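There are 2 protein chains.
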Amino acid sequence: MNERLARVALARLGEPGDLRIAEQVAQLGAERVYEHIREEQDVAGVHTDAAARLHGLDPARELSEAAARGIRFVCPGDEEWPRGLDDLDNVEPVQRRGGVPLGLWVRGPLRLAEACGLSVSVVGSRSATSYGGAVAADIAADLAGHGACVVSGAAFGIDQSAHRGALAARGPTIAVLACGVDRAYPSAHHRLLDYIGETGLVVSELPLGAAPTRVRFLARNRLIAALTRGTVVVEAAVRSGALNTANWAERLNRVLMGVPGPVTSASSEGVHELIRARGAALVARGAEVMELVAPSGDFLVDLPRGPVRASDVLSDRERQVLDAVPAVRPAPPASIARTAGIVESEVSCVLLRLGDTGLVERGRGGWRRGTDPERR
Amino acid sequence: MNERLARVALARLGEPGDLRIAEQVAQLGAERVYEHIREEQDVAGVHTDAAARLHGLDPARELSEAAARGIRFVCPGDEEWPRGLDDLDNVEPVQRRGGVPLGLWVRGPLRLAEACGLSVSVVGSRSATSYGGAVAADIAADLAGHGACVVSGAAFGIDQSAHRGALAARGPTIAVLACGVDRAYPSAHHRLLDYIGETGLVVSELPLGAAPTRVRFLARNRLIAALTRGTVVVEAAVRSGALNTANWAERLNRVLMGVPGPVTSASSEGVHELIRARGAALVARGAEVMELVAPSGDFLVDLPRGPVRASDVLSDRERQVLDAVPAVRPAPPASIARTAGIVESEVSCVLLRLGDTGLVERGRGGWRRGTDPERR
Numbered sequence: 001m002n003e004r005l006a007r008v009a010l011a012r013l014g015e016p017g018d019l020r021i022a023e024q025v026a027q028l029g030a031e032r033v034y035e036h037i038r039e040e041q042d043v044a045g046v047h048t049d050a051a052a053r054l055h056g057l058d059p060a061r062e063l064s065e066a067a068a069r070g071i072r073f074v075c076p077g078d079e080e081w082p083r084g085l086d087d088l089d090n091v092e093p094v095q096r097r098g099g100v101p102l103g104l105w106v107r108g109p110l111r112l113a114e115a116c117g118l119s120v121s122v123v124g125s126r127s128a129t130s131y132g133g134a135v136a137a138d139i140a141a142d143l144a145g146h147g148a149c150v151v152s153g154a155a156f157g158i159d160q161s162a163h164r165g166a167l168a169a170r171g172p173t174i175a176v177l178a179c180g181v182d183r184a185y186p187s188a189h190h191r192l193l194d195y196i197g198e199t200g201l202v203v204s205e206l207p208l209g210a211a212p213t214r215v216r217f218l219a220r221n222r223l224i225a226a227l228t229r230g231t232v233v234v235e236a237a238v239r240s241g242a243l244n245t246a247n248w249a250e251r252l253n254r255v256l257m258g259v260p261g262p263v264t265s266a267s268s269e270g271v272h273e274l275i276r277a278r279g280a281a282l283v284a285r286g287a288e289v290m291e292l293v294a295p296s297g298d299f300l301v302d303l304p305r306g307p308v309r310a311s312d313v314l315s316d317r318e319r320q321v322l323d324a325v326p327a328v329r330p331a332p333p334a335s336i337a338r339t340a341g342i343v344e345s346e347v348s349c350v351l352l353r354l355g356d357t358g359l360v361e362r363g364r365g366g367w368r369r370g371t372d373p374e375r376r
Numbered sequence: 001m002n003e004r005l006a007r008v009a010l011a012r013l014g015e016p017g018d019l020r021i022a023e024q025v026a027q028l029g030a031e032r033v034y035e036h037i038r039e040e041q042d043v044a045g046v047h048t049d050a051a052a053r054l055h056g057l058d059p060a061r062e063l064s065e066a067a068a069r070g071i072r073f074v075c076p077g078d079e080e081w082p083r084g085l086d087d088l089d090n091v092e093p094v095q096r097r098g099g100v101p102l103g104l105w106v107r108g109p110l111r112l113a114e115a116c117g118l119s120v121s122v123v124g125s126r127s128a129t130s131y132g133g134a135v136a137a138d139i140a141a142d143l144a145g146h147g148a149c150v151v152s153g154a155a156f157g158i159d160q161s162a163h164r165g166a167l168a169a170r171g172p173t174i175a176v177l178a179c180g181v182d183r184a185y186p187s188a189h190h191r192l193l194d195y196i197g198e199t200g201l202v203v204s205e206l207p208l209g210a211a212p213t214r215v216r217f218l219a220r221n222r223l224i225a226a227l228t229r230g231t232v233v234v235e236a237a238v239r240s241g242a243l244n245t246a247n248w249a250e251r252l253n254r255v256l257m258g259v260p261g262p263v264t265s266a267s268s269e270g271v272h273e274l275i276r277a278r279g280a281a282l283v284a285r286g287a288e289v290m291e292l293v294a295p296s297g298d299f300l301v302d303l304p305r306g307p308v309r310a311s312d313v314l315s316d317r318e319r320q321v322l323d324a325v326p327a328v329r330p331a332p333p334a335s336i337a338r339t340a341g342i343v344e345s346e347v348s349c350v351l352l353r354l355g356d357t358g359l360v361e362r363g364r365g366g367w368r369r370g371t372d373p374e375r376r
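If you read the sequences in order, they're chains A and B. With my numbering as the guide, the letters of the first sequence map in order to residues 1 to 376. With my numbering as the guide, the letters of the second sequence map in order to residues 1 to 376.
Treat the hints as calculated values from the structure; they're not laboratory data. Because the structure is a prediction, the values reported are computed rather than measured. Just so you know, even glycine gets a beta-carbon here, dropped at the ideal spot from N, CA and C. Heads up, a few of these hints could be off.
Unchecked claim - Incomplete in silico selection of chain B near chain A, CB under 10 Å:
| no. | residue |
| --- | --- |
| 1 | 134 |
| 2 | 273 |
| 3 | 339 |
Said to hold, decoys possible - Computed spacing ranges between beta-carbons, pair by pair:
| no. | chain 1 | residue 1 | chain 2 | residue 2 | range |
| --- | --- | --- | --- | --- | --- |
| 4 | B | 341 | A | 67 | 23 to 33 Å |
| 5 | B | 86 | A | 253 | 39 to 49 Å |
| 6 | A | 338 | B | 23 | 20 to 30 Å |
Please model the complete structure; the sequences and the hints are all you need to start from.
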């Protein structure tokens with residue numbers, strides 16, 4: 001029994017995120033924990049429940065059967081092991097769950113550690129609005145375009161939009177499941193998951209065949225947060241499971257981001273709360289996410305600004321005169337001077353300068369605003 | 001010529017926000033500045049432009065004519081003078097404009113200083129969306145309901161929605177204009193302004209009859225920021241004038257707040273930028289604004305949360321069992337135990353406890369989820 005086989009076996013024993021097993025493995029190594037449990041006997045010489053279950057397992061066969069289906073088991077020490085997961089060792093558990101997973105079952109052509117090098121999780125409500133779905137897909141496509149891997153949970157709503165956005169941009173994407181990677185949950189997403197398995201990665205700490213449960217979803221969320229540099233929450237009502245992922249991202253010192261929406265939309269309420277009261281960064285575009293998650297200075301966002309217009313570069317004096325020039329019916333300099341509160345001689349000079357820029361033009365009996373809309 | 005009359009006269013001389021006059025008045029007092037300018041002569045003994053203009057004024061008559069129309073002039077030293085305006089003395093100018101106004105022309109039944117005691121400006125785009133308009137009105141009504149005075153600029157779009165929201169909640173509201181308080185700009189708002197003048201306040205630093213210009217709008221914005229404890233920007237494209245008010249609020253150390261919207265809406269882009277890159281607080285409701293502007297601890301917002309459900313208070317073990325109970329067709333404890341990965345004897349105990357809460361119920365041949373939706 002080596003370390004890898006012991007991890008495969010132990011993963012069948014408890015629920016994912018079981019701190020007791022994670023802590024013992026961190027201290028003693030999986031092999032010794034496995035031996036301890038296996039040899040544990042009660043006074044009557046009868047195998048304990050856990051020991052009995054370990055005896056019934058054949059992890060070597062489990063590995064070879066998985067391999068036959070293109071599924072590998074990645075554990076600490078492997079080249080493919082993403083270092084981010086080790087951060088789970090130092091984090092306070094949430095609802096008594098946490099810890100580094102024993103290993104990850106992985107399906108797909110990417111190398112896990114490499115794909116997670118610059119990765120962002122995009123998560124949110126299962127009952128997303130069409131707005132949320134569209135924005136999640138846009139941001140995921142943006143991120144993929146900037147070379148980041150999009151990680152999500154393959155659920156209905158925001159998760160699937162995020163995966164599809166990344167796939168549409170031919171970018172890498174990772175689905176982290178709360179069931180075995182050989183299962184599709186929700187089953188309506190089996191084709192999406194197959195496609196992700198062919199081009200990206202499908203990942204889970206649960207053994208093959210395992211069904212999803214609420215506890216497993218909560219444990220899965222810590223992996224989504226830990227595998228990525230930052231978590232973007234697109235839509236989340238105040239009780240959304242996505243907030244659990246946000247919670248993990250915060251505890252793991254990952255960048256926590258939220259995409260705002262209408263304040264009238266219950267689907268955005270949880271996100272607004274993250275920004276308002278939990279210090280999540282507001283992001284509206286993939287580039288803004290990149291600026292926060294990419295190594296310092298690699299991505300700098302241009303502040304959005306409108307086109308520069310001729311009228312932007314006027315002096316105060318020119319601006320005052322321009323404001324006094326009528327839009328349609330030309331007015332003589334004397335009348336413009338009265339309106340502007342400036343002496344006529346100066347107004348005449350300024351009008352000539354403004355005429356050069358096209359902002360005003362001569363008409364019958366005086367000056368009016370320029371008619372070329374491009375130059376206003 | 002006393003101080004008040006000198007201020008009335010000097011206000012006719014330059015544009016509002018003219019730092020040269022504001023600084024001289026702060027140093028010497030309005031009376032002396034008035035005398036200096038009035039006596040200024042060039043070598044040929046001809047009056048200068050400014051001196052000539054002062055000679056043509058009759059501030060005493062201006063005051064009495066205004067009074068006949070129910071309009072008063074409020075200046076530093078008056079009981080009604082809002083102390084917040086004095087903060088403009090210490091702030092760097094924006095586009096060479098700034099400074100404490102010489103005085104304010106005021107129309108309406110409220111006492112200005114008192115109304116500004118707990119006041120919030122709600123500003124935004126003139127080309128607001130229906131979303132922005134509705135949210136501005138809601139927040140203004142909320143603020144009015146909490147006893148705060150809503151200050152805005154009476155423009156199309158967000159401004160008017162804010163005023164109307166406050167009026168609808170029978171709350172105090174102040175319109176700060178970039179023209180004389182005897183004028184209505186935009187003219188379509190003359191009835192709104194009349195109504196505000198009857199129940200709240202219409203305020204401007206411009207003399208009666210003055211027309212609005214771009215320079216005057218920019219100068220006016222500093223008053224909106226200075227008169228209030230905080231500024232809420234509801235919708236603003238990246239070049240919106242509302243961002244100028246936000247700029248002033250920031251420089252004046254007032255609370256700067258933004259209401260988010262869809263990231264797909266250009267009308268919210270400027271607001272998101274304020275939150276993202278300028279540290280504005282995200283607010284979605286009037287209560288959240290109150291929490292930020294009211295004296296510490298006077299208003300505390302309850303975090304939005306969904307109703308507490310029976311399933312929220314389960315132990316991990318109970319949760320695991322509940323997850324394994326089928327929704328529709330009852331299953332025997334042995335089958336539930338297999339699914340949950342827990343020994344049958346324990347599962348049976350847990351099922352009885354869950355049965356007490358209504359989360360599961362006995363059916364033919366076993367247990368299934370409870371059918372009372374209220375108790376799930």
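Status of the hints after comparison with the structure:
1. 134: OK, holds: residue 134(B) within 10 Å of chain A, min 7 Å.
2. 273: With a closest approach of 6 Å, the residue 273(B) hint holds.
3. 339: Check passed: Cβ of residue 339(B) comes within 7 Å of chain A, closer than 10 Å.
4. 341(B) with 67(A): 23 to 33 Å: Since residue 341(B) and residue 67(A) have Cβ atoms about 25 Å apart, the given range 23 to 33 Å holds.
5. 86(B) with 253(A): 39 to 49 Å: The hint (39 to 49 Å, Cβ to Cβ) holds, given that residue 86(B) and residue 253(A) are roughly 44 Å apart.
6. 338(A) with 23(B): 20 to 30 Å: Holds, at about 28 Å.
When held up to the earlier numbered hints, the structure conflicts with none and fits them all.
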